[in-house]
Every structure is written in C-alpha cells, then in structure tokens.
Amino acid sequence: MKKIIIFSLLLTGITVSSCKKQLNQSPKYGLNAEVVYSDPANYIKVLSKLYAGLSMTGNQGPAGQADIAGIDEGFSAYVRVLWNLQELPTDEAICGWNDPGIPELNKSQWNAENVWVKGMYYRIYYQITLCNEFIWQARDEKLAERGFSTADVEMIRKFRNEARFLRALSYYHALDLFGNVPFVTELDQVGAFQPKRIERAALFEYVEDELLAIEDQLLPASSAPYGRASQAAAQSLMAKLYLNAEVYSGTPRYNDCATYCEKIINGNTHQLSSNYQSLFLADNNTSPEIIFPVVYDGLYAQTYGGTTFLICASLGGSMVAADYGVNGKWAGLRAKPNLVDKFSDSTLDSRYLFYRTGQVKDITTMATFSNGYALPKFKNKTLAGLNGSNSSNSPHVDTDFPMFRLGDIYLMYAEAKHRSGDAGTALQYVNMLRERAYGNNSYNLASVSLNDILDERARELQWEGTRRTDLIRYGLFTSGSYLWPFKGGDVAGAAVSDNFNLFPLPTSDIILNPNLIQNPGY
Amino acid sequence: MGAQTNENGEFEIKFVPAGTVVLIVRASGFVTYNQEIIVSSGTVLNQNITLSKEAKEYDEVVVIGYGTTRTKDLTGAATVITEKNFLQGSLATPEQLIMGKVAGLKVTSNDGAPGSGSTLRLRGGTSINASNDPLIVIDGVPIDNGGISGAANPLSLVNPNDIASFVILKDASATAIYGARAANGVILITTKKGSASQKEVHVTLNSKISISTIAKYAEVLSGDSLRTLINRQGSQQQIDLLGAANTDWQKEVFRTAITSDNNVSITGGIIGLPYRLSVANRFENGLLKRDNMNRTSLGLNLNPTFLDGNLQLEVNQKMVQSRAFFANRGALGAAFFDPTQVVQTGNNNLFGGYFEWIDNGKPNVLSARNPLGLIMQSEDRSVVNRYIGNAKVTYKMPFLPMLKATVNLGTDQSEGTGYTITDSLSAAGYFTQGSYSQYRQTKGNKLIEAYANFNTGEKYKDHLLDLTAGYSYQDWYTSSPNNASFNQAQDSIIGLPAANPFYTKNALLSFYARGIYTFKNQFVVNLSMRRDGSSRFSSEQRWGWFPAASAAWLLSEGFLKDVKEISMLKIRAGYGVTGQQDGIGDYAYIGNYFEGATNAQYAFGGQYYTVFRPAGYDANLKWETTSSINIGLDFGLYKDRFSGSIDVYRKSTSDLLATVAVPAGTNFTNQILTNVGGMQNQGIEVSLNTGLIAKKNMRLDWMVNFTRNFNEVTKLSQIEDPNSPGILVGGIAGGIGNQVLIHQVGQPTFTYFVYEQQYEQDGSLIEVGQAASIDMNGDGIVDPLDKWKDTNAFVDRNNDGIINIKDRYYAGQVAPKFFMGTALNFQYGKWNAGVSMRSEIGGTIYNNIHSNSATFSAIDGTKKFLSNISSLFYEDEVQKTTTNQLLSDHYLERADFLRIDNISVGYNFGKLGFTKDKVGVNVGFSVQNVFVFTKYSGQDPEVGGGVDNNFYPRPRVYTLNLNFDF
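Keeping their order, the protein sequence lines are chains A and B. The first sequence begins at 271 in this note's numbering and counts up by one. The second sequence begins at 293 in this note's numbering and counts up by one.
Chain A extracted, bound-state conformation (with noise of 0.2 angstroms):
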C-alpha cells in the first residue's frame, strides 16, 4: 500500500511539473521582435507598416484590427483625421454628418474630448512610436550584432531613414496642429513612463535638425520608388516647415524656404502634371508632379478613410456614384461659399470643379446636401475613363493621395519668394500654375499681391488639406477678418478666439502624463 501511495505521490509530482510548462504559452502565428529582425527580408515588411500608418486603419482591410481605439476605425486613418482638422473648420469645406466631433469642427468649436482632435493626436503618437521602434532595433550596433551582410545593412540604414523621415513627417503634424507636446525618441522604450513635454520651438528645430540629418541619407527622387521617400519629400516638408517658421518659432525663415523650394525645382526630376484633374485620378500614380504619396489600392491597400473617404463624401444629391468610380454617394462633404468665391473671375479655370445640379451655393442647413456646391475633385477614374482595379462597384478607390506636390512647392516659393521681397519671381511661379489651369496664358495675372497668393492656393490646393496652416500664416483662421458660413457657431460666421489656432491635447494624455501643460483656452 505505501508503494502505492508513493507512487501516486511521484506520478502528481510528475504531472504537476510539466504542467507548469504549460503555463508558458507564445502565440502560434505572432513573431517576437528578436525573430522579426533577425532576418532582413523582415525588415521593409515594418517599413510597409510605417507607411501604411499614413494609410491604412488596421491589420485588416478595410477594417479591422484597428491600430488605434477609441474612435471609429474608418474615422481614424491619418489622412482622414489630417483632412477634417485641416479642412472643415476653414473656408473651404463642410460637412454635414452628425457624427460625434464633426459639428464642431465645422464651427471651430472643439474641445479636448473631441474625437477627431483625439484620433488625430493618437494617430500621430500612434506612428511615432512604430518609428521609435524600427529605428531602435535598425541602428547600426543591432545591425553589426545580426551580422548582416555589407548589402543588407546599406538597404536597411535606407529603410531606418525613412523612418526617421516619417516621425519628423508625424511630428511636423503634432508641431503644427497642437504645438506644446509630448517627445518620446527611440531611446524611449515601450512601458510604463511618462514622456517629457517638449515645447513648440523647441520641436520645431527638432524636426529641422532630424530632416537636415537625413535629407541627404535618402533615395534621390530620381530613383526612389514611387510611394517612398525620397530626398524631394523631405526637402518638401523642410520649405513647409520653414514658410511656417514664424508661427511655429517666432522667428521667420522664407529665405530658406525658398532654398529647398529651389533644390525640388532644380532637381528636375519632378514636373507638373500637364492635366490639373489627373493629379486626383484612379492613376495619379503616374504623375510626375506627386513628391510624396499615401498609396492606396481599390484591392489591396482598403480603407474607409483615405480617398475612398474623400471621394464618397462628396457624392450626393444629383450625382451619379458609378460616374466616379465608387457605388454610393455618402453624402457628407460640400465647399463652402468663400472657396466657390475665389473662382470668381471665371469658369474657364480647370479647378473650377464644382458640381452644382440640384445644389445651391449658400449653406444655412450644415445637415443638407444640397446647401453648398459639391467638389468631386477627387474620382476612382483613371484619365481615360476607366474605373479603378476594384471596378465600380466598391467604395475602394485607387486613388492616391498627394501630400507633397509641385503645385505646392511653386506656391510655398511664390510666397517665400514674395515675403522675401522679390515679388517677380513670385508672379512667375503663380502664373505658371495658371496657365496650367487655363490651358493658355491669356488669363495669367500682371501683379500679384500676398493675398493673392493665399487665394491661388485656395483654387490650387483646395481640399488638399493644407488650408488651414495657410490661413493661421495669414492670420485669417481665428478672429473675426474674415469670416464664413458656421465659424463660431453662426450661420453667417462669428469671431473665434485666438486659441483654436491650436488644437487642445486631449483630456485623457493630460490627466494620464502630468508633465503636460494643456494649451491656453481648453
């Protein structure tokens, strides 16, 4: 009998250590970060995440796994967040969904719960901290540690300097849209901590030093791939970042905005498109005027919030969906007057791309359609008429996004240029992209003013999400100078306060990381 209870004794003992074993449980199809970078082929599959941050939702198209909670996934996608913060509370857009957060933004009255300011700040955090990460597991020690072949290693310090790239692109965001934030590097590791505040002119030499650092580390435009980052796209956000220098520093710094404007122009790779409408079609891939796309893909790069956003919120009323490559006319976004205004000279200008059947042109209902023209600027068409690889049938679009363009970087030199004093190589530049516009020369302008310039980017870069930095140069966005329908709340437009020039850190980061100081007038 005592053997058998000590056998019984040693058979539990035994059961019970290799359950213990059990308890250590990995999962079957997830690759811990040692495996992932052990090998190089892993290596641009992380890129592809950072870039599909500017893109995609999630893990999953067109929803699912989300990358960000908390929001509507659809809601939550950068160039989406991007647009609505840049857009609705200017005078170029409107949009007419009650979902949460988007009223007030059309009447600049947000605060630090709304939703878009929330998706758009963890967004940005979302993708600096993806960035962290591969440039901490890419630098050069790992790297030499691996064993990497001489090939490999020159390929991925490419890859880890776009990456550096796209954290300055994303902090050039947080500096523009909510100026005093938190700085977290790759030094900051994934925990529990609490990162310091870092304050807006101090992010912005940040951000020039790491684009100084990198601008000459990365692909010539001649060469680089389409959808990567070359040396133009950086050399494009270093003109953004130096025309806005003032607001962002106090200090202006036009000259050398017009010197990277320069290097772009010089480069020659990069040449406007001859055909304004091509550059927001199903194959404006093809254009030679994009510097800097977000890609997308009617099979397989789906979202609800990039083009297929832009493109199927502003089909309503009247307009037929398959006309623009998508099946359904979401209903959601108008121009307001004010932009309508700026094409008053004539309809000949091929931006005049209103469609006013069934619309009228003055908004006093923000919910109805109809009130405002509608833009269909941006079509899953290709310049042939063709749809787009998902056919018609589908809101996914091919069309990409153009975040840095030549049109643009003629404009940010016109206005450097200008402000410089040197009002003449401005006038060259605008009417350059006039003439564009009017297939000939006979409308280009004699003189051109600075606000001149502020009204071509309204007719050039409508709805590209820029709109807003333009008017805050221009001191137009807050205040009561200039005015459109549902600033401030009213229908005929109100003053706003001098403090919505900046959006507010969301309540949540303020409370959860003390070293943060919310911005004036939240």
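Take every hint as true, because none was put in to throw you off.
For each label pair, taking beta carbons as the anchor points, the in silico distance ranges come out as: (1) A/Gly461 to B/Leu603: 54 to 60 angstroms; (2) B/Ala781 to A/Gly461: 50 to 56 angstroms; (3) A/Gly791 to B/Ile785: 49 to 55 angstroms; (4) B/Ala781 to A/Gln464: 55 to 61 angstroms; (5) B/Gln1062 to A/Ser719: 39 to 45 angstroms.
Calculated directly from the structure, the hints in this document are not laboratory data. Backbone N, C-alpha and C fix where the C-beta goes; we use that ideal spot for every residue, glycine too.
Given chain A, put chain B in place with the hints provided.
Chain B only, in chain A's frame:
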C-alpha cells in the same frame, strides 16, 4: 402493476404472480420504500409498511467545489435549486430554469432567437472590460463560457432536462476554492444520475409541443399614414418615391412558430451499475421566418461502485448536435422598411422578384434591403457538435476509511461548422454575384485534477473535521482556419483571407486546500486557500493566492434548541478573495508582431508588401482581484413552514481591468487593457419561502426573493483626476460612433451620459434650426427667420455659451437598482398550478428607435429611398436629427417592469388503469412570457445593454406538456 392508497393509507394489489417481486411505495415527503417480497400462489400477504421521513432540507448533502457538505454546515452564501423549483415551460437552455428563482442572480434572456440563451449576473458583476459571467461547472468540469461559432450560446448546447440541480455559490468564502475565475460567482450544475437502490428499469417520456407568437410588434406608421404625412409636409423628392401599397413588413417577416421538445430517459441499475440514459430532441422555430434550431442530445451517466464500495466511479457524458438555420438578422429592421412598397414586384428577373430601392439601375447601397428578400435570399446554416464528459474515480482507503482520494478527468470539446450564402440574384448579392463563405471553429479544454479528502464523519461525537487538498490543471484552445469568401458560384474570391489561421491557447494550474471544522453540530469554521498560475500572465505576475475564511453558528442546535417555533436558525459570516481572468487575451502580456492581411498592404514602386505590425502590450497584466465580505442569516420557523435567508455583502474589486488610454508615445496602441481601476458592489438579498396552505390534500407555496445592489466605480486611472473623461461606451444607431453610456468614477458602471433637453413652454422639444417662439435675431418680430440655436436645444449646464460634452450629465444607470422574483405553486389533489413573475426597478433604458427612427428626417428621400418611422413621431413631431439630438435625455425612459414569466397548470392522472397500472401520465399546459407590466414606450423594457434598437422580440409561448412514466 400498482395501486393508490385510500385516505387511511391502505392499498390492495390483486393477481400478483407467484415469485419474487419488488414492492415499491412512494409518498411525497418520505423516502421511497423498496423491498423484495416472495409471493406464493394463492396467499394473501398483509404487509405493514412504515415510511421514514425524508431528510430535512438542511441535512441534505450539497455539492460544493471539490466535494460535498451538509447544507447545515454551509458557511457561505449558497442557494440550491432542485428540479421541483425549476421554471416550467418549453425552455431551450439550462439557465432559464432558475430565472427569477435566486436572490442576487439576474438572468436576462438575450433575445427571442432560438437557443440564444441568457446573460447571468450575480451580485452586479465585478468587471468593466473583462468578463462578468459566473463560472459554470457541470459535474465537476468548468465549461468554456465563450461561444462557439454556429451556436448562439454555449449553454444552449446543454439539455435542460438532464439537470438535477443548481448550486449557486455567491460569496467569496464559498467561491474562493475556484480562485482566479470565481469573482463573479460559481454555478455548479449536477446532472441526473441513476440510483443504486433502484432495481427496475424506469422510463420517462416527456413531450412538449409549443406555439410561439410575437408578444408585441413595433409601432410604426402604416402605408396610408406615411403617404398622408409625406403628402402633407414632404418634399417632391419624397412624394416621387412613394408607392401605392400598404405592406405590414413585420407581418411579412415574423410568424407564429411551432416548437417540439421530446425527451426520453431511462434509469435503472444492472447488477450494481446504476445508469441514466437520456435522448432528447428539440426542434425550435424562431419567430423570424426560416429561423430554426434542431438540437439532438444524448446523455449517459454511469456511477458504479467496486471493491465493496471502496472504489466509486462516476462517468458523465453529454453529446449534443445542434443544427441551426439563422434567418438573416437584417430583417429585424423590417418595421422601418417603407410600407408603401409592395413585397414582390412581379418581375422575377430583377432581384428574384423582390422590391428593392435602386439607384441608377443598381441596388441603392445606402438603403435597407427588402426584409423578406433578406430572409429568403440568404442561407446561413451551421452544425455544432459538442461533447462534455468526465470520469471521476474516488477511492476510499481501506486501511483509513476517513481518507478518500479522487481523480477527475474531464473534457469539453466542440466544433462548429457552417456556411453563409447570399443569392446572386438578390440585391444584397448584386455587386459580388452573390457570396459564399464557410467557417469552422474547434474549441476544447481538458481538465486533470486530483484531490484527497479526510473526513472524520460521525466518529468523534462533538468534532467533525473535513479536510480537502488537491491540484487541478486545465487548458483551453480555440482554432479556426483563415478562409476566403467567394461569390456564390465560388469561381472568384470576393474577400481575401486573413494572413494566418487563428489559434489561441491558455492554461491554468492550481493548488487548493480547504478545512471545515464543526463543533457540536453548532459551530462551523471553514478555511480555504487556492493558488492559481495562469499562462495569460508573465512569470512575475503569474501566480496568485486566493484565501477565504468563514464561520457559522447554528443557534437552533444551541441555546435555541428547545424553542419549538424555531426549527432552524443560523448566522454566517465570511471573507474571501477571488480573481477574474476571463476577457484577458491569451498573449496580452507579450510584445509580438502580427502580419497584416493582403488587403492592408503598402506599395513601393507598384510592388505590394504585407505589413508586420507590433501589437500593444502590458507586460504587467494580472487578474482582477475581488475581496468580499458576506454576512447572512438562515432561518426556518414553524417546522419550516416559513423559511428563508438574508444576506448582506460588499465586494471590492481592485486591479480592475479597464481599457484605458496610455500616455501617448509609450506603447504600440493608444488604449490598453490594464489593471488600473476599482469597483464596489454592495447589497442585500432576501429570500423567503412560505407554505401558505399546508393541508393534506392542498398546498400553496409562495417563494419570493429580493435583491438590492449598489454598484460604483471607485477608480479608473493610475492618477486620479476630477477632470478624467471616463470611458464612453454604449454605441447607438444614428451617426457613427455616438455613445450614450459612460464608466466614470463615483458612478455605477454603464451610466447614461447625455444632454439635458430644453423644452418650450408647451412642453414640446426645442429643435436646433427649427422656428423659434422668441425673437432670436433681434429684429423686433417673431417670424420664421427666428430659429433655435444649439445652445437653446440643451441646457448649457456649465454656462460657457457652447453646447459640448462638458454639458453632458449622469442620468441614471442601465442595471436595475432593485429586482425581485416570485413564484406561487398550488397543489390540490391531482391538480397543480403555478405562476412565476419577475420585476426590475430603477434601471433606465435608451429608446434608440425613438431617437433615430421617430423623426421626419429619418424618412429620408434625399438618397433615393424612403424609410418608415416609429409612431412615436407623433409624440413630439421632431423634424430632423440635429447636432447632438441623439444624445438627449429626452430619449431616456424608466425600464421598470413586472413580467409574468410563466403560468402553468397540470393534472396528474397517476397510473392509468387500462394500462394495467403500468403507465403514469401527467399533463400540463403553460404559457411563457405571459405579460409585461411597464410604462416603457418601446417593445420590451428588458434589453441587455440598455440601448433598445431592433431587438429580436421575445415570443409568448404556449406549451402542452405530456409526461409518461413506465
């Protein structure tokens, strides 16, 4: 053969063949007499039989974790419900048997779909983001609470007719032996077994046939009313879209459904091998056309003993196959489909003849589809197989009979397979040429446990010691393939598969010990301890201790022993710590990269690359810990004619898991499930049982239980801050991403967080953009140019001139503050009748149909289709849903109700003479969901999440029940 006694208890059985026969005498309240008698030919036997009284309820043995105890030795809050108190009627799932029967346990049926099961909440629930479901243990095997693909609910795969009893362990002193999974209580289910003393074969046949009808339709406009309304105030666009028909879409998609439920069980004992075999089939039709569940189950229990009773074996096996047809749930919105349109157009070449909204010759992608077309033109079938089985061996040491060793091996395996087809001719399948997708999911868990029990029994007069110690190992896995979806012809892919198949596994290893000491049958002390190790946590957080201590004093065995009126009086007190780990991902503490799907790639130079994305993680994740105190009193007066218990409790949860924001820039996500919060539940439970009439031939018993629970979130972040925005939840229809509920410190979980509506002097709503009754533009006259601004629609509670989230306020909770269950059972001779009712008071409901489908703008028309609206439109004639309108407190209503769950009446014919007394017959009739008393304006005030929108209506069920005994 058999006979009934007369009033004097005398009986006579004639013409008994000579030989050995078994005489069985049964009487209610007494132990069944079972004796072999030798009958010789031609003699009359006079036999005096004395039946011994059945043991009193609290001498009964009750199942507790890893063993049993006497009811009177219970020190924790536990409720035992046996067959005789089960809810009557045609019930699909086991938990419905105890609906309204247990104080502190709220059972809410999820909806009216076949086999959809219920949500169980014991003492309020201790979690926000993890699970609030109690642990369910069937015959010693903790079952998987997660659903399986193709079945509505995991418990829907257990046949209610096989269940003998439920033991609901409520407080931590009783549940702590289940450690890390016990914070929401434990429900122990014991299935029916064969009996060793029963020598003949006993067959029971039970057959139920039911008719289900819709209890209440949603009230919407008729075709004529909609036409009148649109012609009166609609736009030309809307008028042009009107049809000429008068279709009642609800009548098109709902039906009166027939359900049958047949059970055969055989019990007996073959040479010391007691067994019970049951075969059952339930064929349930749903109210929605084509909705069906066909479940066949097989149960076999064997409980033989060997080696002079020293070795006991218990084998329980349950096999179930459930075949289901899920009618397209999209049809639940039928009420709001335009009633002016016909059902069938007569043109069978287009959309199979069903009327559909079109846009430019194609189905309108923004409109609803023809509800009947949705049902008839799609097919969603599943087959789910499940096996739950265990084998338990208990060996009593011959050299030390007080010591018993038990080994229990158990498993729960299930597999769900199914497919969904959308007809290529249908509008829903138009763009993709139909669809075909297949799914398959396998789940399983295995249990290995061994424990030893030392029980002194009656050996020492005044001292009883019961010690148990053991260990248990259980692991769970779930796997499913990554299937693509196809068009109906299956010649082209319309949905790309995920990058990888799905597989997840977790394991739990535990050690536990318990000691119960009883002194003079009067004082009981119970101590237990469990140590759990879970694979869901890192090695630093992996192990946790879960102790408990409790004591009871049976006053009725002490100084009150001689008080005749008091048959039983016991006071109890206990404290314990339990955990909660359900709802935490299996690998949530590990940092990992996952490959993205092929439709979420990025292109460099036209070449697409799938992505590797790091997942956010919390390396320090651990279980939620709930410590609870319970003080209770059990009593029985006047020979237990009046009995009951009262319990007061407080449960404090710490390390509450909540999905909260992380500081930006510190993780690969902006929100993470982490242990940050705290919550408290406290309350009182009272249950009373009374024999109102207790005569020889007539009994009337009344049972009632009351529960009052106070729930409060006490902490939601590491750093406490009064400006904390809380966690918004409770998504509603209308717009995208609108939420009406919040978890906030100082409030109960699921509290409404809404704007305060402003009203005109006549009580009508102030609507943004609509004509104002005052001079808004200051031009000196009140005319149509004066319109309400959004600052007028809602109360600007913080007076900053802007209406935004800071003006929202806390406006009531979803959970009822108070709930009650009551039942009356009446017996008169061979007749019996019963009624069961439930009531919930103090909960609030958001009427999403009122807010989203009762405005004129909800009719639409601008996107080339019309929708119907709720009749509630006439209540305030709201023209359009404007900014924040959906989040107005105008749409909150009290969810108070009293529901008559069941009324039943039955007649027991006894043994039928013409069958030579071989067959006993019992006939019953019952009605379920008889009536709901409520002031709520919607269909049903009892909605799971507080938001009422397109709910599968609960049927009213009429059941005829036939029971045969052989």
